[in-house]
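J.: Let's have the full structure, built from the sequences with the hints guiding it.
Number of protein chains: 2
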Amino acid sequence: MASLKSLYEPSTDLGNALNTNFDVDYVIDYRFATTSKTAAETQFIKLIEALHNVGLATEVRNGDNCALLIFIKVASERHLKAEVYRSRVQDWLYGVRTVAPKKEIQQNLKDEPITEAERLRLVYLLITKPKNEGGAGITPKSGEWTCVESIFALHDHQFNKAWIKQLTSKYFLNSEDLAEIKDRFGEKNCILFCFFAIILPIFDIPSWFWVLFLVFVEYWKKQETDLAVQWGVRGVSKIQLTRPQFKHESTATDPVTGEEIKVYSPFKRLARQLLQVPFALTAALVLGSLIAVCFGIEVFISEVYPGPFKAYLVFLPTVILTVFMPALLSVLTGFATRLTNLENYETTDSHEAAMVSKIFILNFITSYLPIFLTAFVYIPFGQIIVPHLDIFSLTVRPFAENEKQLTAPKAGFQINPNRLKGQVIYFTVTAQIVNFLLEIIVPYVSRHFFRKVKEVKTNRAMKKSGTASPTADDHPEEAAFLTRVRNEAELSVYDVTTDFREMIVQFGYLSLFSVVWPLTAVSFLVNNFIELRGDALKIAIETQRPVPWRADSIGPWLESLGFLSWMGSLTTAALVYLFRGDGLGPDGTPWNINTAGLLLTMFFSEHIYLGVQLGVRKALSKIDSPGLQKERAERWTVRKQYLQESMGQEAADNAASGGIAGGEKISTSTLEDAARMSTLKGHGTPEERFWQRQQGQAETIAIGKNYIAKAAPKDKFESKKEL
Amino acid sequence: MASLKSLYEPSTDLGNALNTNFDVDYVIDYRFATTSKTAAETQFIKLIEALHNVGLATEVRNGDNCALLIFIKVASERHLKAEVYRSRVQDWLYGVRTVAPKKEIQQNLKDEPITEAERLRLVYLLITKPKNEGGAGITPKSGEWTCVESIFALHDHQFNKAWIKQLTSKYFLNSEDLAEIKDRFGEKNCILFCFFAIILPIFDIPSWFWVLFLVFVEYWKKQETDLAVQWGVRGVSKIQLTRPQFKHESTATDPVTGEEIKVYSPFKRLARQLLQVPFALTAALVLGSLIAVCFGIEVFISEVYPGPFKAYLVFLPTVILTVFMPALLSVLTGFATRLTNLENYETTDSHEAAMVSKIFILNFITSYLPIFLTAFVYIPFGQIIVPHLDIFSLTVRPFAENEKQLTAPKAGFQINPNRLKGQVIYFTVTAQIVNFLLEIIVPYVSRHFFRKVKEVKTNRAMKKSGTASPTADDHPEEAAFLTRVRNEAELSVYDVTTDFREMIVQFGYLSLFSVVWPLTAVSFLVNNFIELRGDALKIAIETQRPVPWRADSIGPWLESLGFLSWMGSLTTAALVYLFRGDGLGPDGTPWNINTAGLLLTMFFSEHIYLGVQLGVRKALSKIDSPGLQKERAERWTVRKQYLQESMGQEAADNAASGGIAGGEKISTSTLEDAARMSTLKGHGTPEERFWQRQQGQAETIAIGKNYIAKAAPKDKFESKKEL
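Quick mapping for you: the protein sequence lines, in order, are chains A and B.
Residue numbers are given in the numbering used here: position 84 of the first sequence equals residue 84, and the series is strictly consecutive.
Residue numbers are given in the numbering used here: position 339 of the second sequence equals residue 1339, and the series is strictly consecutive.
Take these hints with a grain of salt, some might be off.
[What the hints assert, rightly or not] With a straight-line cut-off of 30 Å between C-alpha atoms, the simulated DSBU-like cross-links for lysine-lysine are:
#: 1; chain 1: A; residue 1: Lys268; chain 2: A; residue 2: Lys247
#: 2; chain 1: B; residue 1: Lys1102; chain 2: A; residue 2: Lys102
#: 3; chain 1: B; residue 1: Lys1710; chain 2: A; residue 2: Lys464
#: 4; chain 1: A; residue 1: Lys102; chain 2: B; residue 2: Lys1630
#: 5; chain 1: B; residue 1: Lys1710; chain 2: B; residue 2: Lys1238
#: 6; chain 1: B; residue 1: Lys1452; chain 2: B; residue 2: Lys1165
#: 7; chain 1: B; residue 1: Lys1618; chain 2: A; residue 2: Lys622
#: 8; chain 1: B; residue 1: Lys1103; chain 2: A; residue 2: Lys102
#: 9; chain 1: A; residue 1: Lys705; chain 2: B; residue 2: Lys1037
#: 10; chain 1: A; residue 1: Lys238; chain 2: A; residue 2: Lys221
#: 11; chain 1: B; residue 1: Lys1081; chain 2: B; residue 2: Lys1110
#: 12; chain 1: B; residue 1: Lys1222; chain 2: A; residue 2: Lys221
#: 13; chain 1: A; residue 1: Lys103; chain 2: B; residue 2: Lys1464
#: 14; chain 1: A; residue 1: Lys247; chain 2: A; residue 2: Lys141
#: 15; chain 1: A; residue 1: Lys618; chain 2: A; residue 2: Lys221
#: 16; chain 1: B; residue 1: Lys1463; chain 2: B; residue 2: Lys1452
#: 17; chain 1: A; residue 1: Lys618; chain 2: B; residue 2: Lys1247
#: 18; chain 1: B; residue 1: Lys1464; chain 2: A; residue 2: Lys705
#: 19; chain 1: A; residue 1: Lys710; chain 2: B; residue 2: Lys1037
#: 20; chain 1: A; residue 1: Lys247; chain 2: B; residue 2: Lys1618
#: 21; chain 1: A; residue 1: Lys221; chain 2: A; residue 2: Lys630
#: 22; chain 1: A; residue 1: Lys131; chain 2: B; residue 2: Lys1705
#: 23; chain 1: A; residue 1: Lys618; chain 2: B; residue 2: Lys1222
#: 24; chain 1: A; residue 1: Lys710; chain 2: A; residue 2: Lys238
#: 25; chain 1: B; residue 1: Lys1222; chain 2: A; residue 2: Lys454
#: 26; chain 1: B; residue 1: Lys1710; chain 2: A; residue 2: Lys454
#: 27; chain 1: A; residue 1: Lys622; chain 2: B; residue 2: Lys1238
[What the hints assert, rightly or not] Estimated spans, in silico, between C-beta atoms of each pair:
#: 28; chain 1: A; residue 1: Ala702; chain 2: B; residue 2: Asn1435; range: 47 to 55 Å
#: 29; chain 1: B; residue 1: Phe1315; chain 2: A; residue 2: Leu628; range: 54 to 62 Å
#: 30; chain 1: A; residue 1: Lys262; chain 2: B; residue 2: Asp1111; range: 29 to 37 Å
#: 31; chain 1: A; residue 1: Leu628; chain 2: B; residue 2: Arg1693; range: 48 to 56 Å
Simulated from the structure, these hints should not be mistaken for laboratory data.
We treat Cβ as the ideally placed atom computed from N, Cα and C, and that holds for glycine.
T.: Below you can see the structure in the form of structure tokens.
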């Protein structure tokens, strides 16, 4: 644990620097290494002016290597308070809050203190919002702000340290833990941890039955809404941030708010969205061929080729994959990005969702296709296909001793039934460990290494050119702090979607293939435990402090989850049917499959899935969630209060209870008045005369009794009673 | 059209009576033929007192045969207005209205006049609501009100006449027509007509592709919400009426309103709901066997039996069905009712929904099972089964001339491929016509017949016993009116669910089997046209005026629609696959089916269905409905107004637009103040000193420029520019 300790105390020689952020809200990393001096100066002046114009105070310090660090804080607390209050009012206008903020700003802020996340989010918005919406309009690396490398908040190292310590010492997160994460890192990042906290108990049950995944997805949907209500962010996705890159075609009047809004034709967008189909097909074809070829080579080498160097040659496909896959993926991701930009979304949320769906396609192919190939091509059709794998002999020709080694046996080849399990174990254990190392340890080590290299380089360069080190100007009181900020400026930006992607891919392995290796669940249980702490460490140490955005849902990932859990109902059934015996399929001849039986099994499994889904949804919809209940109660109280204010207490009670209790009773005098009126008018209309024949209930009763007495079958019943 | 005319002018000899309702809101039909005189009198007195206690005025007149007619109206208009206002406030409290009603009752009623439906609904509630909720607590035929046969409003014959005339003269209903129906008969009944109005265009397209049904169901869901918003009843199902029959186990505090509510354990209810499973199984078994036996007999007689009376004997199964089916159905419906009562629902809505789902099961079996048997048993397996139908020879033994006629041929039997089409035509055309006659013409004729019979009987009885006719006391001015009311009292109660059931069953034929006979759609087009007018006629003439309940959805029927449309994707695929050649299946031997092919076809079809459903839902969710938009705009306006009232115009604008426009700018003086303060305090904290190193943007800019000048790679870029 010594190394862990050093992780959350990045460098002890910074001393006191870790204990204070000097009240800094944000730091802008201003880099001008590739800009001319004049341009850098002009842009810098514009930047500072823009910041001051929106009420932000600035301090500038030297950065590393042609960089400035611009420290930002809100100039006056009063201004911040107004901003917070404005945001809360907006929430209420959009229906995110049910209770209107108190009319008195001071009172409101006293009742609901400003959280750190709220402050940081609003300051970030002040810096980045377009000018016409009241922000400084600064978007890193785009438009006129080419020198703005990044805008980041400073880590609260004391909190981080305590937080990591706390996380490593407990297994489950409770709602206080989550609330703390929320108040520090914002709802959008926190929801990842909630997802972990809720997914863990599911993985706890070492079962591979897909019904669990289904229940999980539905349960999460409910939980999500509940959390959103608890955090007061339900419906926050309605208040969307306009993408600065959005290009509008025309303007229109918003039918709701009456404000002018920018519009882009949805049909044009749809036409562009349709490009996703060729994109998906190309990705499937390109990645699929690469995977299939490597798969073929691997099978050939491991199961056909008997020649020398076999032990090394089996790694050949891995090498091919390692070389080509990242290249192909980066090209395809580039395509995806361009496609998403082309789709020209108005809001960051929809842009992100569109990107996520494209990335999901790529992930799906790379993560699951190899196992699909083994399960549904190699095992059933192996005996037919493997003899034709001679074509891959090319890859090992230089090593072969004779021609015979390069020819697949035409008969008698037996498929390797352990291949599938081996592959699942590889993807769910080995790959996860490798991934964890790549994600946490490697960046940490490499960062330290490169920092050292840089230091040496800078020193040498300075000695050579004679310019002073950027740290030379540092005030001794701030030196340690500035060193820390310079280090944080070099960290990468935290992207919560990466972590989500990992979770979803894992969920996919579990729901699609855990039937092959029941221990998958256990392996993920361990993995998730580590992953959660790893992600926390990543946020705390490996990346810049994320902007605490709000979110009320995991958004586009929910669809991926649903898709994977549905798909699991099909693959699980197919796998169970195909490998129900010794893993060799029915009759020992794996390629002789009863298609009707297979289809029927899948058909059944899927319909049980759909049925259970319906049932679970219904059942969950009947259970009242505490969050929604709270929301309804609040809404009720607000409206009741409004009524009380405008109608007076008693009247409001009456109106609300819907009773007649407060209504006046009809008295004879009312009727007499009516009668008098009709008399005054002469004999009244036929309607009036009709209603005056019996005045008051006494007359009605008397006449009615009379009618009954006449018509009732008196004796029969009376005498019966007497008997 | 002469007969139609006579239909909407029920009896011309009533003369002026059709033009006035004497301001009567409701009539209570009080029957005491089976009660003792004393009990009848006591109950009558209690009834009148209860009515007067809630502010209702009454008049009593003689009814037919030991009956009283109690006429009810609201005693004072002021009381009605208070009641209407109270209901509107309640709507607002529950979120049905977005705009709070004006604080001044008079102003509110002037802005939104009371519709007839609103008035009638509220008066009905006054009569029937439990006493603790401020009503008179009168529930017909239950509890202490055994003599209260029915509570009904009087028809507005002038409106009815004009309405029927208008309906018969146009093909499509526009939104004004629907609004008029709504204001007269309430949203719950009107939604039936909307369903007709929207379903008709669908049936217009003579296509059998199930995608249409799917689109229809999704489109209707959207349309429904829109209508609800337009009518101002969205979410009205939240304000539910407590069933007087509901038995509670304990009381609890409502977490939303804080009022005391009655609770029944949901687990107990669930346990009782599970009884639906054996109920459905029993129903399927009992009805299924009856249908299967009749089906077998029919096949045997029509296709095996060559003996005498064959032309008559083929009707034998129909006779059996006609005799036993209604009996069985009524027993099963009785069971369903008892089961639903046992489930002990709190609200009428949930009670109705539970009943509907049970009735749907019965309907599903009786309507579709015969066709399923032909399509999926008779045609594929006919050659195997028919030779074993000898068992049914028992039914024709008395008529057979020799034993040979009773033996099925062991070989060479050919199934009749036209049977399926014939059956579909029977169910979709013949049965509909028969049904229409049973529903509209027969009750009309029989009612007139029995009325005559009754008149004759009454006259004879009176002559015999010497008692006066109940009409003897009638005031001449009211005589015609009272005759009319006595007639209306004898009409049955309109049940909108019956009409919905017919529609849904029709929709089922269309979505499940229209592939067999493409003209199904056309036949339903005609049928629906007539049915819509028939239903209108039924409401206007055949039944008592319905209580204008509100509703925001067709509720439980929506699930049935979805189920049928999904099922259609399966049956259509199966039917297309089985009858893709000459209707005899592949290879001419219909029983030699490629199961895998069949399953694959169904699998594909269903997944296309599910995929299209997802797509359609997404697409429709993106199209903003005018109703929801209106709702959002209203909500926005309300909140904005509230802000304006409490904060003043300008501040509200600023707060709403989320801009900083109104925020104060940071001035040097603010900073100087801060500096002065820190000076006063000594040298301030390190944080204060950090932020005081550069005071104001001018200093920041100057220092920053200095840093840039030092660090920038000046010459390289400058010179490049110069080149």
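J.: All hints are to be evaluated individually against the structure, with a verdict given for each.
T.: Do the hints match the structure? See the list:
no.: 1; hint: Lys268(A) <-> Lys247(A); result: holds (12 Å)
no.: 2; hint: Lys1102(B) <-> Lys102(A); result: holds (23 Å)
no.: 3; hint: Lys1710(B) <-> Lys464(A); result: holds (16 Å)
no.: 4; hint: Lys102(A) <-> Lys1630(B); result: holds (27 Å)
no.: 5; hint: Lys1710(B) <-> Lys1238(B); result: violated (71 Å)
no.: 6; hint: Lys1452(B) <-> Lys1165(B); result: holds (28 Å)
no.: 7; hint: Lys1618(B) <-> Lys622(A); result: holds (25 Å)
no.: 8; hint: Lys1103(B) <-> Lys102(A); result: holds (22 Å)
no.: 9; hint: Lys705(A) <-> Lys1037(B); result: holds (9 Å)
no.: 10; hint: Lys238(A) <-> Lys221(A); result: holds (18 Å)
no.: 11; hint: Lys1081(B) <-> Lys1110(B); result: holds (11 Å)
no.: 12; hint: Lys1222(B) <-> Lys221(A); result: holds (22 Å)
no.: 13; hint: Lys103(A) <-> Lys1464(B); result: violated (83 Å)
no.: 14; hint: Lys247(A) <-> Lys141(A); result: holds (18 Å)
no.: 15; hint: Lys618(A) <-> Lys221(A); result: holds (13 Å)
no.: 16; hint: Lys1463(B) <-> Lys1452(B); result: holds (17 Å)
no.: 17; hint: Lys618(A) <-> Lys1247(B); result: holds (24 Å)
no.: 18; hint: Lys1464(B) <-> Lys705(A); result: holds (24 Å)
no.: 19; hint: Lys710(A) <-> Lys1037(B); result: holds (10 Å)
no.: 20; hint: Lys247(A) <-> Lys1618(B); result: holds (24 Å)
no.: 21; hint: Lys221(A) <-> Lys630(A); result: holds (17 Å)
no.: 22; hint: Lys131(A) <-> Lys1705(B); result: holds (24 Å)
no.: 23; hint: Lys618(A) <-> Lys1222(B); result: holds (20 Å)
no.: 24; hint: Lys710(A) <-> Lys238(A); result: violated (71 Å)
no.: 25; hint: Lys1222(B) <-> Lys454(A); result: violated (62 Å)
no.: 26; hint: Lys1710(B) <-> Lys454(A); result: holds (20 Å)
no.: 27; hint: Lys622(A) <-> Lys1238(B); result: holds (13 Å)
no.: 28; hint: Ala702(A) <-> Asn1435(B): 47 to 55 Å; result: holds (49 Å)
no.: 29; hint: Phe1315(B) <-> Leu628(A): 54 to 62 Å; result: holds (59 Å)
no.: 30; hint: Lys262(A) <-> Asp1111(B): 29 to 37 Å; result: holds (36 Å)
no.: 31; hint: Leu628(A) <-> Arg1693(B): 48 to 56 Å; result: holds (52 Å)
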